[in-house]
Amino acid sequence: MSEKLQKAREYETREAQLIHEDDRPCFHFTPRIGWMNDPNGFSFYKGQYHLFYQYYPYDTKWNAMHWGHAVSDDLLHWTYLPCALAPDQVYDGFGCFSGSAIELKDGRHLLLYTGVEERTHANGIREELQTQCIAIGDGVNYEKLPQNPVVDGSTLPEGSNPHDFRDPKIWREEDGSYAFVVGSRHADGSGQLLVYRSPDAMSWKLDTVLDRCHNAYGNMWECPDTFRLDGKDVILTSPMEMDAEGLEFHNGHGTLCIIGHYHPETKRMEREFVQAVEYGLDFYAMQTMQAPDGRRIMIAWLQNWGTNTQPPASQRWQGQMTLPRELSIRNGKLIQVPIRELEALRRDRVTQQRVISGETALPGVQGRVIDLMVQVRPVQEGSYQRFFMKVCKDERHYTEITYDPLTNVLSLDRTHSGCRRDIVHERKCLVRDRQGELKLRVVLDRFSVEVFVNDGEQALTAAIDTSQAAQDITFACLGQAQVDVEKYDLVMLEKEKFHD
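Counting in this note's numbering, the sequence shown runs from 3 upward without gaps.
Hints are computed from structural coordinates only; laboratory data are not their basis.
The structure presented is a predicted model; accordingly, all values stated were derived computationally and were not measured.
Ideal placement from N, C-alpha and C gives every residue a C-beta, glycine not left out.
With beta-carbon atoms standing in for the labels, derived distance ranges:
{"#": "1", "residue 1": "Glu23", "residue 2": "Asn410", "range": "33 to 43 Å"}
{"#": "2", "residue 1": "Val381", "residue 2": "Glu488", "range": "15 to 25 Å"}
{"#": "3", "residue 1": "Glu361", "residue 2": "Gln292", "range": "39 to 49 Å"}
{"#": "4", "residue 1": "Ala246", "residue 2": "Gly95", "range": "31 to 41 Å"}
Only pairs whose alpha carbons sit at most 25 Å apart, straight line, appear in this in silico SDA-like list of lysine to any residue:
{"#": "5", "residue 1": "Lys430", "residue 2": "Asp467"}
{"#": "6", "residue 1": "Lys207", "residue 2": "Gly191"}
{"#": "7", "residue 1": "Lys430", "residue 2": "Trp307"}
{"#": "8", "residue 1": "Lys63", "residue 2": "Pro313"}
{"#": "9", "residue 1": "Lys107", "residue 2": "Phe229"}
With the hints as extra help, turn the sequences into a complete structure.
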């Protein structure tokens, strides 16, 4: 074990014990201590779900990336394991950037990640060199290969940039061979996704350019993922420097889903439908895995580089993961809903059915750790012009969900949630026209709001800083609408949090 890895493990073991569980979300994963961004190595190994993550234990700001590590039986209750990787080699001394994991044929656990080396030239100019590297272990301890990096810039298509070459996602083919997709930058400056293949997961060759951005959806495509789902081939990626297209994509670091058909003879993806993965404020760098029961499950960083804020000085962690989500394809589009395991945490069901006009609270409908279903429909055609719902509310603060049935625009606005920084606070999306009917599922967990629209057709997520004392929820209409509500408290089981 290197000195850097040993230091990280000793530090997290000592310092994380000082963070009280009441200061964390209940079931949204947070780093053991310090900073966290992308999920990595999301996989199932030796009977447990494994989640690794981009990690800097020593501060609540991004710095030299390590890999944190945790395991779970249900994707909700997580046990921290020792830090898995530290930037302790020449080829990854600037950081062990994002990657993925897979079980090898011999039963060992392989981590495939981007190593970043920072070089300083004679003229003083610094540059980052990104390569793909491997560490193999037993689910707790991992050893980096002596032949690392296993893939370097010499394998890239002509004109590609070796300084933007990162975030490999690995899988096993039906014939037992291995492949991974990785983000790269084409000679024209825009993103491209490359596929590499190997018979043994050790020696790799470039196979194809799976898809290219052509400067149409941002530029560099980060954290790519590809899989087959419900008869379709899917690409997920997180583009940098997106340009807004109506309400489908927002500016900055966005998300992209391409649904279509992969043609083995040409080794190209035929696009049939393109959409954003998420429409909220805080969602980036998603990664998926296939669960033992066949479900495709996605998790993402519940933050965004453009909306990131510094936590309070007393908070010793920064960054959280989204609720894991089950994916499917319906009518050619991506559908995402909370994992079904969440229902096992439900307690104290409350139902209310009311005709709503002015702002009102409903008896028993409140809380900060809840699963809330809301159905809105007009009393008669055109009976309401706007629906408002405020959550995490007190006398001064709230986060608001608004729906306009005339334009079919839904918005999530955290302007009054308690954040005192000048960042983006509102996102909007265009929902399917249902003649004024709307179905929402709103999951609250202390520091976040996740909204699932019309049985998962769209999702909007936001991190919030609101005091935990803000428990109220209100509903209002401009006009009149029938509002049906079903609410559950969510209760976590007691479980050991640390395993060193």
